[in-house]
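From first to last, the protein sequence lines are chains A and B.
With the numbering used here, letter number 60 in the first sequence gets 60, and the count goes up by one each step, no holes.
With the numbering used here, letter number 267 in the second sequence gets 267, and the count goes up by one each step, no holes.
The hints are simulated quantities; they were obtained by calculation from the structure and are not laboratory data.
It is possible that some hints are incorrect.
Claimed, not checked - Quick look at which bits of chain B chain A covers, simulated, 3 or more residues with Cβ under 8 Å:
(1) 54-65
(2) 96-105
(3) 173-183
(4) 210-222
(5) 264-274
(6) 333-347
To be verified - Quick look at which bits of chain A chain B covers, simulated, 3 or more residues with Cβ under 8 Å:
(7) 138-151
(8) 284-297
The structure displayed is predicted, hence computed values, not measured ones.
Using N, Cα and C, we set each Cβ at its ideal position, and we do this for glycine too.
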Amino acid sequence: MAAQACIKELKRLLGDERCLAEPGRLLSYECDALTHFKSMPSAVVLPESTDEVQQVVRICARHEVPFTPRGAGTGLSGGAVPAEGGVLIECSRMRRVLEVDVENRIARVEPGVINAHLSQQVAEHGLAYAPDPSSQTVCTLGGNVAENSGGPHCLKHGATTNHILALRMVMPDGEVVELGTPVAGAAGLDLRGVVLGSEGTLGIVTEITCRLVPVPECIETLLAPFDSMGAACTAVSRIVAAGIIPAALEALDERTIAAVEASVYRAGYPDDAAAVILVELDGHPARVEAEREQIHAIFRDMGALSIETARDPEHAEQLWKGRKGAFGAMGRLAPDLYVQDAVVPRSKLPEVLPEIGRICDGLGLKLANVFHAGEGNLHPNISYDGRDAAEVEKVVQAGQQIIELCLSVGGVLSGEHGIGLEKQGFMKLMFSDDDLESMARVRAAFNPTGILNPGKILPTPRACVEVKPVHRLPGVDAS
Amino acid sequence: MTEVFSNTDELLRAALGADAVYVVTEGDAPGALPTPTIVVAPASAEQVAEAVRVATDAGVGIVPVGGDTAPRRSRNEDFPCVALSLERMSGVVEHAVEDLVFTAQAGLVLTEAQAAIAAHGHRVPLAPPLAARATLGGIVACSAEGPTRNAYGSVRDQVLGIQVVHGDGRISRAGGRVVKNVTGYDLCRLYTGSRGVLGVITELTLRLRPIEPAACRLAWRFPRIEDAWNAGMTLRRDIPALYGLHAARGTATDGISGEGAALVATLRGPEAFVEALGASCWEHDLGAASQEVLQPDAVPAIIGPVSALDAWLRVCVLPADGGRLLTTLAQRIGDDADLVLDVLGGVCDVTHEDPGFLDPVDETALGADLEPLCAQVDRPGDPGFHLRRLHLFPSTRPGGVNVMQALMRSLDPAGVLNPGRYEVAP
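Only chain B is shown next, with the shape it has when bound in the complex:
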């Protein structure tokens, strides 16, 4: 450990107490930081603020870590950082049952939140990758989308209120605990997906949804995923009330009878509605090789959240461009990767048992093919890819890079929060 780090360790212990600081000397360090790594685990927003001040004074960066499901991706790997773990901030603040509103500290694991509120028939409408250990704060910081997006909206749509600690140690709140609010600037949306560069999220108020009383999944088999997608577009056009609709190939279709690619429709709602909707789907002649009703408790990989980051590429396009996307992926990546394409949302997850499956792919050629589709590309398991993708499609890149940088400077003046995350050229 360098001298700077040793000193930081002592300063943090002095400021927050010995029980709030530990060192990971080997193995996987939080935030994919190099070992040995200092981990500071504050117990309150005030302690987070204190940790941020100590780090700033010491010239050390802070990498906020929730369930550690999104490795830090930074161009500036040499910038010394400590991990700030939210593990000790995992309490439920309030479950306003009648209002379907839930407030908790950011370190609460999603599955624990779901367990706490399920007895009241509620759920947090989020389904991020690595859901078993993802924390509320981490999900919001990374805007970690999953298969509930079409039915309930994006992660940003669920955040009603937020507390953050900025890079200058100020603690601020935005939003509220009500379901409708236009009081001042909507900073909840700004902080959601900001990956910790504007502030460490310490508390969240989320919108809840009732658990639907009935659910059903229908599956069809097709020779090729392009056929499954085509059939899916027919259902999308004719039946707007679907909860989810996914085309897939490979191991993602395990658990569905037959071979080849598959299309799975998920239906949720009152029992009579699910039955009627299921009948409407069933009556459609989609030209499938076979079709079946899946067992209620069977959650095929096709509609489950992603469970491994190592070999995962996510490409998002407009729904009607799904077919062109599949053609491009077949040409550039080949036919042996697993594909799951959310037909309603245009989100395609590409996974492979070999984490190096993209190494031989010509990234430039892939980018040239995807640019006309205005595709958004992410490879969460690859340190550095997130930065590269901002440069991948200059003509479709979201504008306002100067504003992004100004925002980062104003809310994190010393650049202490997740340094290097958005070091993008204007």
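Here chain A stands alone, though its shape is the one from the complex:
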């Protein structure tokens, strides 16, 4: 009843076109890009301003109906899955670039602006927005803030949190707050910092002030195939240990190469290599040249089968097309794809990758690796058929064993996809009860009733309302 009364008020505020409540129109909102977790909202609202978000939040709070913010729904951990019967606040209609301050290299945008569009809009000023998640042509900056999204170029330029200076946010009780400042030396606690990556559980961001960076004077893309992944990873470690921080330092394994080369993302990777390393150097031409020479020497020393330099921007784009399209290309291998996301100390890559291979081989699963090697951010991808319950069970087992392996060498649960619903059950493997208690208290300081995006991140019921996934991977504790 509360939900119905709430929807009635929301429809009065936004009209039928911006308050969707008919079951057929809600279907596409029941999950994000991690389709294992599904939950049907009672309504989806499409506000167009901070004021409208504030009013929506106040209506939901008054009726005690849980609500969840959503960007483009490209998240990979279930962070934007609505609470069962709750309201989903879709921010995609808030897509204006409000201000570009060229001299100070700052942009103020609404949360529905698509990541890649911002760089396109400021390109005429010789500027760009640096974080570039693989979904950058569709994902929104609001979603990037919620997930603290990464991307291949995080290695040198940092993740989303390094590029967000200030936020306007609607609190769970409807209060509008300004967090952070574009000016250095802000007073008080860094509330902006804790909101970044909080998966929409602390507030709904309605305005974002971003840092822009000058487009590099020179960009050079290198491709080096190796006959073993171990040699490729050791080369990566040596590059960083030599004091070189490339813009990007990515790795693809044999199965990924084969999938990419057989797909529309074909990049011209050599099909006889066990691994390829993709490097991007950027900056002053003299720096790029000096670093390129050092990297060539390391690659030669580590037995690279060849070293290819992109001839021109089009060739570089082609080499990147394979990397960025790798997940899509894996659709050829099986109907479903489980994308794991974990981080290990970079030096542990040569030890961990073969072990992950053994885990998947032991379970008879198809594994393909494509990952941010420079940061030790692994993406073991397991292709499977979701209609086969036994195979799903094996995927779950593999996922858990991979996580346990990564934690055992000093790694963490997620480098860029977040915890969401997917990894709540693993949080206790990494954190003590006291660690989690501190996180719960921080969340409660922002979101005391737990009405905002309930049931995410923390493993035990710490919120008033919990999500019950319609279909969850067995063994993953999402309660």
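Starting from the known structure of chain A, fit chain B onto it as the hints suggest.
Relative to the frame of chain A, chain B by itself:
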């Protein structure tokens, strides 16, 4: 010493051992606390937790102290406090050389950390005020920024993992020992700059950077600092790869030939890059009275971290507002203070040989001039100023004061940690 304090002294000795507690009876007490002051120096996070519990039970506050480079600034000077010194927690836990990651106890002095890792060609990318005695924990607790900020990011950007002891004696960790991590809430950033009100920092994992193989500094002289800043903005626009760029006047320009104000560009990187970048800078016609290449080992005051707190005002603005800031400072403070303006970051340090140099300044008028610039103002050596500045510019004050207070209540329920630090009106 009051009866309450005497009792606390005994309780702390009983809980932590006699060697962990001493009393400073005269001179400068840690944390700028009034003498006599009880100092408790735990040797582990567990002992910090025990000290916090004892203090809470005794109704006494805890002021965490690292290198004692940031005086306690509290409105509530009457709240009895003991100093909690991290001096016995200064060990290196791990230097993961290949991963460029460093873990140490919070009481480790930065210069000792730098010495420990320099042999591997690494550095901790921090350059706080009073760097010679600043500790890692203190730098992080105060988010003590310095001239490396533009090249490597803020203090918050360097903290990968953290252990803290909260006001209820719980020990908790956040983050990890890897360079990329979105596992749970980013409490590392929250604790960084929290000035000890959410927890006593006991251990840190920091990102390291390679020591750049070559460095060079170029200097130009101009009649006025406004001219130096203008020239700096030209370089900022044309040459994005600069490591540092500072405009200055006064004694901060000592060591640079000529007179007047100066602009100094710092270049770091591979040798060929530094040479090429230096040539690009050199070819720019900036309209300077003179220009020179500084000796490699000359570190002029202009780009060094602040070395005295007594007479230091820091004003931060957007980089393009640097010129307006200089005009305001000239009008309100006069021309005899030393100025160093970080052209890339918009951070201006104002120092003077007379610690009372701001006494005659009309703070209200200064605030009215700075508010349109969205300036952030701090005067680290002045007890009380930090609190006042939160009220100085109400329209630009960071929001969420209620959340800040809720956070403090939830992580320090008895209000025992650095009491009075953020007692701000909603």
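Hint-by-hint comparison with the structure:
Remark: the stretch 54-65 of chain B is not confirmed as covered by chain A, as 0 of its residues place a Cβ nearer than 8 Å to a Cβ of that chain, below the required three. Here the stretch 96-105 of chain B counts 6 residues with a CB under 8 Å from a CB of chain A, which clears the bar of 3, and the coverage holds. Counting residues of the stretch 173-183 of chain B whose C-beta sits closer than 8 Å to any C-beta of chain A gives 10, which meets the bar of three, so the coverage hint holds. Only residues whose beta carbon comes within less than 8 Å of a beta carbon in chain A count, and the stretch 210-222 of chain B has 4; three or more means the coverage holds.
Counting residues of the stretch 264-274 of chain B whose beta carbon lies closer than 8 Å to any beta carbon of chain A gives 5, which reaches the threshold of three, so the coverage claim holds. For a cut-off of 8 Å, the count of residues in the stretch 333-347 of chain B with a CB near a CB of chain A stands at 3, and the three-residue condition holds. Only residues whose beta carbon comes within less than 8 Å of a beta carbon in chain B count, and the stretch 138-151 of chain A has 3; three or more means the coverage holds. Residues of the stretch 284-297 of chain A lying with their CB closer than 8 Å to a CB of chain B number 7, which satisfies the three-residue condition for coverage.
Checked against the numbered hints given earlier, the structure breaks only hint 1 and satisfies all the rest.
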